Amino acid sequence: MEWQEISGSSVLVPRYPIAIIHFLGGAFVGTAPNVTYRWLLEELAKEGYAIIATPFVNTFDHLAIARSVLNRFENILDRLQTNTSLGQGYLPIYGIGHSMGCKLHLLIGSLFSVERAGNILISFNNYPVKKAIPFLEQIDVEKYLSLEFTPSPDETKIIIAKDYQIRRNLLVKFTNDNIDETLVLSPILDDKYPNLIALQNLSGNHLTPLSQEIKWQMGEIFTPFDAVGQWVKQTLSRDLYRLKYEILRWLNPGKLI
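Numbering (my numbering), first residue to last: 6 to 262.
To be clear, the hints were calculated from the coordinates, so they are not data collected in a lab. Note that the coordinates shown come from a computational prediction; the quantities given were computed from them, not determined experimentally. Please note: incorrect hints may appear among the correct ones.
To be verified - Distance windows between CB atoms, simulated:
| hint | residue 1 | residue 2 | range |
| --- | --- | --- | --- |
| 1 | Ser157 | Glu52 | 34 to 40 Å |
| 2 | Arg254 | Gln170 | 22 to 28 Å |
| 3 | Asp159 | Asp195 | 17 to 23 Å |
| 4 | Glu153 | Val62 | 15 to 21 Å |
| 5 | Glu160 | Gly94 | 37 to 43 Å |
| 6 | Ser73 | Tyr132 | 19 to 25 Å |
| 7 | Asn88 | Asp195 | 36 to 42 Å |
Stated by the list, open to error - Okay, derived cross-link-like pairs now, DSS-like style, lysine-lysine, Cα gap no bigger than 30 Å in a straight line:
| hint | residue 1 | residue 2 |
| --- | --- | --- |
| 8 | Lys162 | Lys178 |
| 9 | Lys197 | Lys162 |
| 10 | Lys162 | Lys249 |
| 11 | Lys136 | Lys178 |
| 12 | Lys197 | Lys249 |
| 13 | Lys136 | Lys197 |
| 14 | Lys178 | Lys249 |
| 15 | Lys167 | Lys197 |
| 16 | Lys136 | Lys162 |
| 17 | Lys249 | Lys51 |
| 18 | Lys178 | Lys167 |
| 19 | Lys167 | Lys136 |
| 20 | Lys135 | Lys162 |
| 21 | Lys178 | Lys260 |
| 22 | Lys260 | Lys197 |
| 23 | Lys167 | Lys135 |
| 24 | Lys249 | Lys260 |
| 25 | Lys51 | Lys178 |
| 26 | Lys197 | Lys178 |
| 27 | Lys260 | Lys51 |
| 28 | Lys135 | Lys178 |
We put the CB at the ideal spot given by N, CA and C, even for glycine.
My request is simple: use the sequences and hints to build the entire structure.
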């Protein structure tokens with residue numbers, strides 16, 4: 006199972022897929038999701054989830070980005086359903102977003118007619134321009150300070166509250182994440198779909214989904230240095246493994262992981 010590039014997106018299709026994941030990463034790191042989120046996405050593919058990871062370049066027009074990534078996803082999906090095992094029967098589609106990718110999935114699920122079995126929203130971020138791009142606060146030029154994303158953070162919350170169509174959602178918040186706004190999003194979704202919104206508070210930080218597994222090669226004799234290396238590996242990988250576990254548990258509650 007190897008990554009394919011199709012129409013500018015990164016695609017990973019297991020031999021016997023059980024569902025499809027449309028993945029959208031964060032601003033800037035979302036330009037190469039098969040690299041920046043490689044470990045997590047490949048682990049999900051090993052469990053039978055076909056991955057379509059759509060890169061994007063961040064601009065002020067988040068609505069245009071949402072429309073673009075959705076169009077590209079649907080075109081690729083049509084192509085895969087015609088030429089691969091994805092076309093052999095019905096497969097549920099899930100959205101997974103990290104940081105800005107959450108906002109894009111929320112806009113897609115609010116403003117476009119899409120079929121989703123659910124969305125997983127990790128480290129939701131909906132900051133205004135001046136907080137998302139700190140250097141703008143240092144520029145004493147009115148036209149720059151008046152710039153804002155489209156839709157703005159307040160407009161985004163109104164759109165979600167009014168029009169978001171995806172009923173089942175997993176929200177993930179990390180304990181050491183100071184740019185996360187999951188606790189702002191959670192009550193909005195809870196009001197729309199009571200008992201269908203799961204919130205997981207996990208150890209980690211905003212960059213945890215981008216972590217990669219550390220491989221430690223021991224020598225023929227186990228030494229104290231090897232013991233330290235194994236401890237470092239377990240410590241740094243623990244948060245990433247827990248994220249993977251919670252995602253898989255939510256995607257398929259009946260399966261023992």
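Hints and how they fare:
1. Remark: the range hint 34 to 40 Å for Ser157 to Glu52 is upheld by a beta-carbon distance near 38 Å.
2. Separated by about 24 Å at the C-beta atoms, Arg254 and Gln170 satisfy the suggested range of 22 to 28 Å.
3. Checked against the given bound of 17 to 23 Å, the beta carbons of Asp159 and Asp195, roughly 19 Å apart, stay inside it.
4. Checked against the hint of 15 to 21 Å, the pair Glu153 and Val62 passes, with Cβ atoms roughly 18 Å apart.
5. Checked against the given bound of 37 to 43 Å, the beta carbons of Glu160 and Gly94, roughly 39 Å apart, stay inside it.
6. Take Ser73 and Tyr132: their Cβ atoms lie about 21 Å apart, and the range 19 to 25 Å holds.
7. For Asn88 paired with Asp195, a C-beta distance near 41 Å keeps the hint of 36 to 42 Å intact.
8. The hinted pair formed by Lys162 and Lys178 meets the criterion: a straight-line CA distance of about 18 Å does not exceed 30 Å.
9. Between the alpha carbons of Lys197 and Lys162 the distance comes to roughly 12 Å, so the proposed pair stays at or under 30 Å and holds.
10. For the proposed pair Lys162 and Lys249, the alpha carbon gap of about 28 Å is at most 30 Å, so the pair holds.
11. At most 30 Å may separate the alpha-carbon atoms for a hinted pair to count; Lys136 and Lys178 meet this at roughly 19 Å.
12. This hinted pair checks out: Lys197 and Lys249 have alpha carbons roughly 27 Å apart, not beyond 30 Å.
13. Distance hint between Lys136 and Lys197 is fulfilled; the C-alpha atoms sit about 28 Å from each other, no more than 30 Å.
14. Between Lys178 and Lys249 the alpha-carbon distance is near 14 Å, which keeps this suggested pair within the 30 Å criterion.
15. Between Lys167 and Lys197 the CA atoms are separated by roughly 9 Å; this keeps the pair inside 30 Å, and the hint holds.
16. For the hint pairing Lys136 with Lys162, the CA-to-CA distance comes to about 17 Å; that is within 30 Å, so the pair holds.
17. As the CA atoms of Lys249 and Lys51 are separated by approximately 12 Å, the hinted pair is consistent with the 30 Å bound.
18. Distance check on the hinted pair: Lys178 and Lys167 sit about 23 Å apart at the alpha-carbon level, within 30 Å; holds.
19. For the hint linking Lys167 to Lys136, the alpha-carbon distance of about 25 Å falls within 30 Å, and the restraint holds.
20. About 18 Å separates the Cα atoms of Lys135 and Lys162, which keeps this hinted pair within 30 Å; it holds.
21. Distance hint between Lys178 and Lys260 is fulfilled; the C-alpha atoms sit about 23 Å from each other, no more than 30 Å.
22. Proximity of Lys260 to Lys197 is assessed by CA-CA distance (about 28 Å); at most 30 Å being required, the pair is judged to hold.
23. Pair hint Lys167 plus Lys135 holds up; C-alpha atoms about 26 Å apart against a cutoff of 30 Å.
24. Taking the CA atoms of Lys249 and Lys260, the gap is near 14 Å; set against the 30 Å cutoff, the hint holds.
25. Distance check on the hinted pair: Lys51 and Lys178 sit about 24 Å apart at the alpha-carbon level, within 30 Å; holds.
26. Only pairs whose Cα atoms come within 30 Å are accepted, and Lys197 paired with Lys178 is accepted, the gap being roughly 20 Å.
27. A C-alpha spacing of about 14 Å is found between Lys260 and Lys51, which places the hinted pair at or below 30 Å, so the restraint holds.
28. For the proposed pair Lys135 and Lys178, the alpha carbon gap of about 23 Å is at most 30 Å, so the pair holds.
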